[in-house]
Amino acid sequence: MTSRKTIVEFDAQSVELFNALKRLLKGSNPRDVTNKEAFLVALGYGFHHASKVAEVKRSGTGVRTEYWNDRDQLLMAAIQLFDSGKVESLEDLDQRYEVAERYAQGGILLLKDLLEREHSFAQEFAGEVLELLPRRDPEF
Amino acid sequence: MRIDQVQYSNFRQHRDVTLDLHGDSGYFVVIKGNNGAGKTTFLNGITWCLYELIDEQSDFERESLLSQSAILSAEEGQEVSVTVAIDLSLRHGGAAKISRQYSFVKSGEEVKIVNKSFEVMAMAQQGVGFQRVSEPSEWVDENLPRRFSPYFLFDGERLDRFFRSSDARFIRDSVLQIANIDVLERMNVRLQSVSGDLLRSAAKGAGAKGEELAQENKTISDAIELESSNLETKLNEVQRLTDSIQHLSNKIGNVAEIAADFERRKDLAQSLVTAQNRLDVAEAELTQWAVRAAPGAMALRAYQTLGETIDKARHDRVLPPPFSPEAVAELLEKGVCLCNRDLTEGSDACRHVREILSKFQEVSNAGSILSGFEPHLISVHSEIGQSRQIADAILDRIKISKTEIGSLKKKLDGLEARLAGHSDEEIAALHQSLRNAEEAKDIGQRAIGHLEAKVESLQNELAKNAREIAAQSDLSEKSAKALKDARFSEAALKASQEVYQILCDGVRTEVAATLDSQFKDMLWKKNFIDKVTIDAEFKVSVIQNQGFEILEKLSAGERTCLAFAFSLSLSNVAGLTFPMVVDSPLGRLGPEVQENLAGVLAMKTKGGSEDEIQQVILLMTDTEYTQGVSEILAIRSPRVFRIDVDVANSETSLTKELG
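Protein chains in written order, with my numbering: chain D, 721 to 860; chain F, 163 to 821.
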């Protein structure tokens with residue numbers, strides 16, 4: 721299973737938003753937030769809120785495909801399967817990346833308002849993630 | 163003696179305040195008010211009016227006396243004055259009006275002092291009318307001696323340190339002056355001088371040798387006078403330094419808590435930084451956690467779908483089985499199954515197996531992918547399960563840090579409020595001043611020792627010279643007569659010195675006895691103190707039952723009693739009842755001791771005849787003038803005033819409370 725894509729891209733109009741997301745998620749941490757982490761956060765956010773754009777404008781900026789590991793592929797494949805409803809779709813890697821790009825763009829656009837609340841972004845975002853996790857049952 | 167009225171005009175926050183104490187209830191007065199309302203300013207106004215001192219210091223900032231609102235409302239170039247006027251009732255119907263005034267001119271935002279005046283109008287007895295006193299300072303020093311003032315104008319905040327650093331010389335001077343014995347001391351000096359003159363007269367009549375001895379006597383006497391004067395100067399200097407050390411020690415004592423608060427503030431600020439750092443770290447960790455957990459948490463439904471798809475594929479047996487399809491193909495080629503069933507081409511079983519292999523091929527690609535995801539999905543499930551626990555642990559740390567920060571900030575705010583207007587530098591400067599004063603005192607004391615030795619040596623020389631003059635004078639009749647006069651004068655001096663010493667010892671003994679009985683009477687823990695003594699050096703000692711000296715170990719309440727007892731003892735010796743003004747008399751004491759001491763103050767100052775009633779003015783906070791204290795003081799039917807400060811214009815008002 722191969723892909724013609726070499727980069728899973730940010731939308732050309734959202735590169736700055738992804739940079740802002742990276743900056744705010746870094747906070748006081750010494751380590752920078754990578755493009756991949758920012759993309760996955762936006763992807764998760766877009767999927768959770770069912771926000772998927774019809775098309776992503778190419779920017780040439782994003783995450784090189786060789787950086788995706790098995791876990792990342794699992795996430796994107798799960799979303800791809802949920803999105804298509806067809807198990808056979810899993811064989812189409814290009815489609816998997818495309819679906820991921822469209823959800824990530826949907827997610828980053830939704831995050832735009834939250835990103836503007838710079839000081840409280842990290843806390844509010846973490847709070848939203850916490851709300852999604854079950855409190856006691858370790859088996860979700 | 164009693165204070166009938168005190169009028170404050172532009173004196174700090176007392177812009178226009180009159181304390182009217184006429185009438186019977188004016189003998190026992192309570193002025194109550196919150197901290198900062200201006201109670202201490204009442205006392206400061208009295209000491210400034212009488213002695214031109216503020217906080218026992220003469221080098222205070224003059225401009226600081228003037229009311230801020232008076233400065234603000236004055237126009238450029240306008241003269242504004244600060245005045246305190248005290249009306250006193252004296253014995254035998256006499257009275258006095260004492261008034262001190264500083265005048266300032268406003269220049270820009272500042273004021274400059276342009277004039278000072280001090281006036282006493284006195285009336286020796288009722289009906290003779292007031293007359294201006296030509297030497298007002300002397301009049302005040304005679305009637306309300308400055309040296310005696312610490313014993314009737316009390317700052318209660320310092321009472322617990324009373325006597326600790328006051329040296330014996332100070333007490334001696336106070337006692338002797340109040341008993342008018344210091345007059346005898348001056349008489350002795352005069353007699354000494356006359357005696358010397360007579361001796362030299364005798365010598366001069368005894369020829370050339372006598373002339374020489376007289377000259378030598380004069381030289382030695384002058385040297386003694388000079389060195390004695392130097393010694394007196396030095397003693398006064400050391401006394402001033404002792405006063406200064408006491409004052410600084412008091413101030414440092416008062417700011418000791420403030421200094422400790424500064425240290426606590428440093429510690430708290432450091433703890434706050436540490437707690438804030440912990441919070442920052444925990445919040446950063448939470449963000450990191452969110453970055454890691456968000457995609458998975460938000461894609462839970464997708465993972466769930468994937469999991470269900472895998473389960474269904476397993477149920478439908480479309481996942482790659484744990485055997486090789488090539489092995490089945492091999493059986494087909496052999497034409498026989500492992501169970502010996504016929505698998506030859508065209509057989510039913512062969513067709514069926516070929517169908518399974520074909521179907522398997524169709525789904526095997528997706529099945530392989532699903533199968534590859536399965537272990538990762540299990541791992542992700544497990545991580546998401548633990549993710550909440552990790553987040554909760556971080557959240558706990560955040561919560562603890564925030565609680566700690568909240569508590570530290572609250573403490574810090576409280577400290578900041580207490581420390582408003584103070585600075586580390588101010589405290590360091592106080593300590594430096596104290597060290598300087600102590601060093602100067604040490605140097606002064608060494609100089610005193612040196613001067614005393616010098617005076618003693620000179621006196622020995624003078625005695626030798628006197629013996630030589632006596633021997634020489636015996637040779638001449640004229641000289642012998644002069645010598646006889648000199649010896650008579652010397653005998654008179656000796657007798658006078660003995661009388662002085664007897665009186666001195668008598669007064670000291672009387673003060674000590676009164677102090678002993680007053681103090682023991684005041685104490686609520688009876689039979690605990692054996693005696694209070696004042697030794698020949700005028701050092702006060704408190705001896706407890708087992709014979710130990712415990713002056714330094716007295717509690718704050720006991721020390722306060724001792725101070726009051728000393729004040730009453732001096733009044734007793736002087737035969738006068740000085741008005742007693744006490745600022746914060748009960749401030750540092752516990753509720754029970756407060757009530758005991760209130761009872762002591764009320765009862766011990768009650769007196770018999772009008773001249774014996776001790777006027778007492780108590781400046782108290784609400785925490786001092788409690789229900790219990792007010793009930794105890796009620797036996798003296800006090801006149802109670804309430805002092806309030808209008809924060810907007812920093813002006814006080816005084817209201818008489820209804821009994």
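Worth flagging that the hints you see were computed from the coordinates, not collected in a lab. For clarity, every value in this text was computed on a predicted model and none was experimentally measured. Treat the hints with care, as some may be off.
As the list claims (entries may be wrong) - Below, simulated PhoX-like cross-link-like pairs (lysine-lysine); rule was C-alpha separation at most 20 Å, straight line:
{"id": "1", "chain 1": "F", "residue 1": "LYS682", "chain 2": "F", "residue 2": "LYS646"}
{"id": "2", "chain 1": "F", "residue 1": "LYS571", "chain 2": "F", "residue 2": "LYS428"}
{"id": "3", "chain 1": "F", "residue 1": "LYS626", "chain 2": "D", "residue 2": "LYS806"}
{"id": "4", "chain 1": "F", "residue 1": "LYS688", "chain 2": "F", "residue 2": "LYS715"}
{"id": "5", "chain 1": "F", "residue 1": "LYS682", "chain 2": "F", "residue 2": "LYS693"}
{"id": "6", "chain 1": "F", "residue 1": "LYS474", "chain 2": "D", "residue 2": "LYS806"}
Said to hold, decoys possible - Ranges between beta-carbon positions, derived for each pair:
{"id": "7", "chain 1": "F", "residue 1": "GLU588", "chain 2": "D", "residue 2": "GLU848", "range": "48 to 56 Å"}
{"id": "8", "chain 1": "F", "residue 1": "VAL435", "chain 2": "D", "residue 2": "ASP833", "range": "28 to 36 Å"}
{"id": "9", "chain 1": "D", "residue 1": "ARG778", "chain 2": "F", "residue 2": "LEU500", "range": "24 to 32 Å"}
{"id": "10", "chain 1": "D", "residue 1": "GLU848", "chain 2": "F", "residue 2": "SER433", "range": "30 to 38 Å"}
{"id": "11", "chain 1": "D", "residue 1": "ARG743", "chain 2": "F", "residue 2": "SER530", "range": "53 to 61 Å"}
{"id": "12", "chain 1": "F", "residue 1": "GLN594", "chain 2": "D", "residue 2": "LEU834", "range": "52 to 60 Å"}
{"id": "13", "chain 1": "F", "residue 1": "LEU500", "chain 2": "D", "residue 2": "GLU848", "range": "51 to 59 Å"}
What the hints assert, rightly or not - Coverage of chain F stretches by chain D, computed from C-beta distances (three or more under 8 Å per stretch; other residues unrestricted):
{"id": "14", "segment": "185-197"}
{"id": "15", "segment": "539-549"}
Here a beta-carbon is modelled for each residue, glycine too, at the ideal position from N, C-alpha and C.
Each hint tested on the structure:
| no. | hint | in the structure |
| --- | --- | --- |
| 1 | LYS682(F) / LYS646(F) | violated, 53 Å |
| 2 | LYS571(F) / LYS428(F) | holds, 13 Å |
| 3 | LYS626(F) / LYS806(D) | violated, 133 Å |
| 4 | LYS688(F) / LYS715(F) | holds, 17 Å |
| 5 | LYS682(F) / LYS693(F) | holds, 8 Å |
| 6 | LYS474(F) / LYS806(D) | holds, 13 Å |
| 7 | GLU588(F) / GLU848(D): 48 to 56 Å | holds, 52 Å |
| 8 | VAL435(F) / ASP833(D): 28 to 36 Å | holds, 34 Å |
| 9 | ARG778(D) / LEU500(F): 24 to 32 Å | violated, 57 Å |
| 10 | GLU848(D) / SER433(F): 30 to 38 Å | holds, 32 Å |
| 11 | ARG743(D) / SER530(F): 53 to 61 Å | violated, 41 Å |
| 12 | GLN594(F) / LEU834(D): 52 to 60 Å | holds, 57 Å |
| 13 | LEU500(F) / GLU848(D): 51 to 59 Å | holds, 58 Å |
| 14 | 185-197 | violated (count 0) |
| 15 | 539-549 | holds (count 8) |
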